[in-house]
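Chain order of the listed sequences is P and L. Counting from 1 along the first sequence, just add 330 to a position and that's the residue number in this note's numbering. Counting from 1 along the second sequence, just add 180 to a position and that's the residue number in this note's numbering.
Just so you know, the hints here were simulated from the structure itself, not pulled from any lab data. Possibly wrong hints are sitting among the right ones.
Taking lysine to aspartate or glutamate pairs in the EDC-like style, the calculated list, with each CA pair at most 20 Å apart, reads [what the hints assert, rightly or not]:
{"id": "1", "chain 1": "L", "residue 1": "K381", "chain 2": "L", "residue 2": "E356"}
{"id": "2", "chain 1": "P", "residue 1": "K457", "chain 2": "P", "residue 2": "D516"}
{"id": "3", "chain 1": "P", "residue 1": "K450", "chain 2": "P", "residue 2": "D429"}
{"id": "4", "chain 1": "P", "residue 1": "K502", "chain 2": "P", "residue 2": "E546"}
{"id": "5", "chain 1": "L", "residue 1": "K381", "chain 2": "P", "residue 2": "D429"}
{"id": "6", "chain 1": "L", "residue 1": "K381", "chain 2": "L", "residue 2": "E358"}
{"id": "7", "chain 1": "P", "residue 1": "K691", "chain 2": "P", "residue 2": "D610"}
{"id": "8", "chain 1": "P", "residue 1": "K436", "chain 2": "L", "residue 2": "E358"}
{"id": "9", "chain 1": "P", "residue 1": "K409", "chain 2": "L", "residue 2": "E368"}
{"id": "10", "chain 1": "P", "residue 1": "K457", "chain 2": "P", "residue 2": "D429"}
{"id": "11", "chain 1": "L", "residue 1": "K422", "chain 2": "L", "residue 2": "D247"}
{"id": "12", "chain 1": "P", "residue 1": "K650", "chain 2": "P", "residue 2": "E618"}
{"id": "13", "chain 1": "P", "residue 1": "K650", "chain 2": "P", "residue 2": "E640"}
{"id": "14", "chain 1": "P", "residue 1": "K596", "chain 2": "P", "residue 2": "D610"}
{"id": "15", "chain 1": "P", "residue 1": "K691", "chain 2": "P", "residue 2": "E662"}
{"id": "16", "chain 1": "L", "residue 1": "K449", "chain 2": "P", "residue 2": "D467"}
{"id": "17", "chain 1": "P", "residue 1": "K436", "chain 2": "L", "residue 2": "E368"}
{"id": "18", "chain 1": "P", "residue 1": "K650", "chain 2": "P", "residue 2": "E666"}
{"id": "19", "chain 1": "L", "residue 1": "K381", "chain 2": "P", "residue 2": "D467"}
{"id": "20", "chain 1": "P", "residue 1": "K409", "chain 2": "L", "residue 2": "E358"}
{"id": "21", "chain 1": "P", "residue 1": "K619", "chain 2": "P", "residue 2": "E583"}
{"id": "22", "chain 1": "L", "residue 1": "K242", "chain 2": "L", "residue 2": "D225"}
{"id": "23", "chain 1": "P", "residue 1": "K457", "chain 2": "P", "residue 2": "D500"}
{"id": "24", "chain 1": "P", "residue 1": "K409", "chain 2": "L", "residue 2": "E356"}
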Amino acid sequence: MTDSKQPIIQIRNVTKRFGKVAAVDNVSLDIMAGEFFVLLGPSGCGKTTLLRMIAGFEVPTEGQILIDGQDMSRVPPNKRPVNMVFQSYAVFPHMSVADNVAYGLKIAGVGRGEREDRVKEALDLVKLGGFESRMPDQMSGGQRQRVALARSLVMRPKVLLLDEPLSALDAKLRAQMQFELSDLQDEVGITFITVTHDQDEALSMASRIAVINKGEVSQLATPSDLYEFPANRFVADFVGSVNIFEGKLIIDEPDKAAVDCPGLGKVYLNHGVTGPHGADVWVALRPEKMYLHVQGAGKTVEAAAKDAPEGHNFARGVIKGMSYLGDITLFEIQLESGAMIRVSRPNLSRHDQEDFTWDDKVSMHWRADSPVVLLG
Amino acid sequence: MALFARTPRAPLEYAKSLWMRGWVLAVMLFLYLPLFVLMAFSFNDSKRNVVWRGFTTKYYAKAWENDQLWDAMLNSLTIAGLATVFSLIIGSMAAVMLWRFRFPLKSAVDGTMSLPIIVPEICLGVAFLVFFSWIGWPSGLPWPFNLTAIVIAHITFCFPFVTMVVRARLATFNREQEEAAKDLGAGEWQAFRDVLVPHIKPALVSGALLAFTLSLDDFVITFFTSTPGTDTFPVLVYSLVKRGVTPDINAASTILIILTVLLTAVALKFQGVKALADAH
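With the hints as extra help, turn the sequences into a complete structure.
This is the structure we're talking about:
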């Protein structure tokens with residue numbers, strides 16, 4: 331990590347239009363040196379266009395991009411101090427692994443001896459030592475990605491750009507690469523900017539995330555802030571799974587608030603939300619933030635005397651759907667209002683999944699600080 | 181029980197069907213019997229070359245000593261070589277242009293490009309004859325400059341084939357590879373040389389082969405653009421055949437066939453290996 335807290339990348343009011351469509355709409359972002367920054371958003375939201383503008387493959391219609399304080403408006407991609415790992419990896423198929431990694435150094439005119447040392451160092455870094463003479467068609471997708479990584483890292487860029495780096499890998503490898511990328515970033519201390527549509531990927535790797543929707547930054551936050559304090563319905567819904575209920579703000583004081591939701595009933599909070607009284611708001615409640623229990627006796631789970639402990643919110647319903655996912659079980663519950671809510675429950679013992687079944691009458695409760703009130 | 185009388189055959193086991201084998205044999209005979217007859221009769225010990233009179237190789241020696249045949253063969257190979265080189269350059273450049281850039285009247289250019297493939301050869305031939313006499317193309321130049329008109333005509337109908345083959349190959353190019361090269365510091369030209377050219381190499385090989393063979397055996401257009409002293413092999417054979425087919429023509433043709441087959445085999449082998457390596 332570099333200690334200077336000067337932004338390595340400054341994106342100033344950047345707009346990119348393709349014809350009449352604004353793929354990126356007046357985006358301003360500061361990315362600090364040493365950050366693992368993630369641009370997260372659904373496909374077609376403009377995140378890749380933004381990345382390609384940093385790399386220089388697209389030119390902003392309006393606005394400026396500065397890398398290390400220098401305006402990049404007139405700098406072509408081959409002169410920028412950034413390197414990119416492409417979604418398809420774009421490993422050169424007619425070159426050996428060593429030639430692939432050495433390519434940029436050769437263009438830069440680095441001498442043979444230094445070139446060989448740096449290629450070896452880069453390949454060791456991505457754990458591909460000994461693969462020098464392999465051809466890309468003799469390698470797996472994961473290995474080819476490592477070649478692409480080494481090929482970029484060997485250039486010692488100020489910023490490494492990664493376009494959907496894990497999307498083509500299978501689930502196990504993806505999880506492993508998430509850790510490896512984080513470690514790698516720690517080791518080389520280069521700023522990473524990654525584009526992804528996968529929230530797990532973003533949450534696990536990022537130091538900060540910018541959620542992009544329709545070409546605009548929806549929220550810029552750390553992973554946990556993004557998940558626990560989403561700024562709007564789009565972010566709450568896109569990052570993780572969530573129940574959203576529309577309602578009216580009926581109480582809003584510094585230390586308490588209440589929202590009357592036709593679907594969920596009155597929801598009480600132990601903090602203020604500073605919204606206009608009587609306004610239309612939305613209550614977002616994550617499935618894992620709720621406790622589930624049966625109302626009456628006769629089940630393996632002990633029936634609660636009351637619906638909820640003191641100071642908790644509660645609601646009642648009937649289990650309409652269940653899906654057992656191993657680590658958790660996901661319940662679809664029809665509330666008394668007829669609305670559906672999702673509740674997840676960790677399977678803490680090996681028989682927890684047998685506690686509930688279809689058509690069980692249940693009640694669920696959650697803490698007063700669990701729901702998030704969204705104004706937009 | 182009749183249903184199970186025969187062992188059922190898998191859908192793709194064509195080779196097991198006698199009927200199918202017979203059909204394939206018939207097609208092969210239809211395609212290649214004339215060629216085999218030509219080759220066989222090059223060893224026929226007879227001047228008239230109609231009835232088989234015994235084995236000899238003397239017509240190969242005779243063809244070897246025939247200066248006229250040598251000259252024609254040299255003309256043919258020179259024209260084919262030059263036409264191939266120029267078709268390759270123009271054709272691949274046209275392909276890259278059509279693939280890479282957007283410009284006004286692009287579809288018109290695209291269509292015009294393939295015109296020489298569509299227009300009947302006889303029309304092209306007459307057109308060249310008229311055109312070259314209209315602009316007063318000099319004749320009687322020393323060799324090899326007397327071949328220029330034929331070479332130009334050959335380039336015209338050869339390069340669209342190169343364009344076609346190269347464009348097909350370009351369609352499979354991953355643009356991210358070119359961007360990766362630039363991202364690593366390569367300029368426009370370096371990216372072209374290091375990434376795009378290796379990708380289209382198999383197409384360049386097959387395009388060159390196509391142009392070479394097309395030029396080598398062209399008769400119609402060459403006939404209309406040839407002047408005294410520029411007879412190519414096909415044109416010479418035509419004029420000789422008017423006086424009767426002699427075995428030395430058979431012999432020369434046989435050598436040409438063998439050369440072409442060898443050339444194709446070498447090119448295919450080269451291209452096959454490359455294409456496999458480039459598949460990813």
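Verification of the supplied hints:
1. L/K381 - L/E356: Status holds; Cα separation ~18 Å.
2. P/K457 - P/D516: At roughly 16 Å apart (the allowed maximum being 20 Å), P/D516 and P/K457 satisfy the hint.
3. P/K450 - P/D429: Holds: P/K450 and P/D429 sit about 11 Å apart, inside 20 Å.
4. P/K502 - P/E546: Answer violated: P/K502 to P/E546 is near 32 Å, above 20 Å.
5. L/K381 - P/D429: holds, 19 Å
6. L/K381 - L/E358: holds, 15 Å
7. P/K691 - P/D610: With a Cα-Cα distance of about 31 Å, the restraint between P/K691 and P/D610 is violated, given a limit of 20 Å.
8. P/K436 - L/E358: holds, 16 Å
9. P/K409 - L/E368: Distance ~12 Å between P/K409 and L/E368 Cα, so the pair holds.
10. P/K457 - P/D429: Given that 20 Å is the threshold and the Cα spacing comes to 17 Å, the pair holds.
11. L/K422 - L/D247: Distance ~19 Å between L/K422 and L/D247 Cα, so the pair holds.
12. P/K650 - P/E618: Answer holds: P/K650 to P/E618 is near 18 Å, not above 20 Å.
13. P/K650 - P/E640: violated, 28 Å
14. P/K596 - P/D610: holds, 14 Å
15. P/K691 - P/E662: This hinted pair holds, its Cα atoms lying about 12 Å apart.
16. L/K449 - P/D467: holds, 19 Å
17. P/K436 - L/E368: holds, 16 Å
18. P/K650 - P/E666: holds, 12 Å
19. L/K381 - P/D467: Holds, at roughly 17 Å.
20. P/K409 - L/E358: holds, 15 Å
21. P/K619 - P/E583: violated, 24 Å
22. L/K242 - L/D225: With Cα atoms ~12 Å apart, L/K242 and L/D225 stay inside 20 Å; holds.
23. P/K457 - P/D500: holds, 19 Å
24. P/K409 - L/E356: Given that 20 Å is the threshold and the Cα spacing comes to 17 Å, the pair holds.
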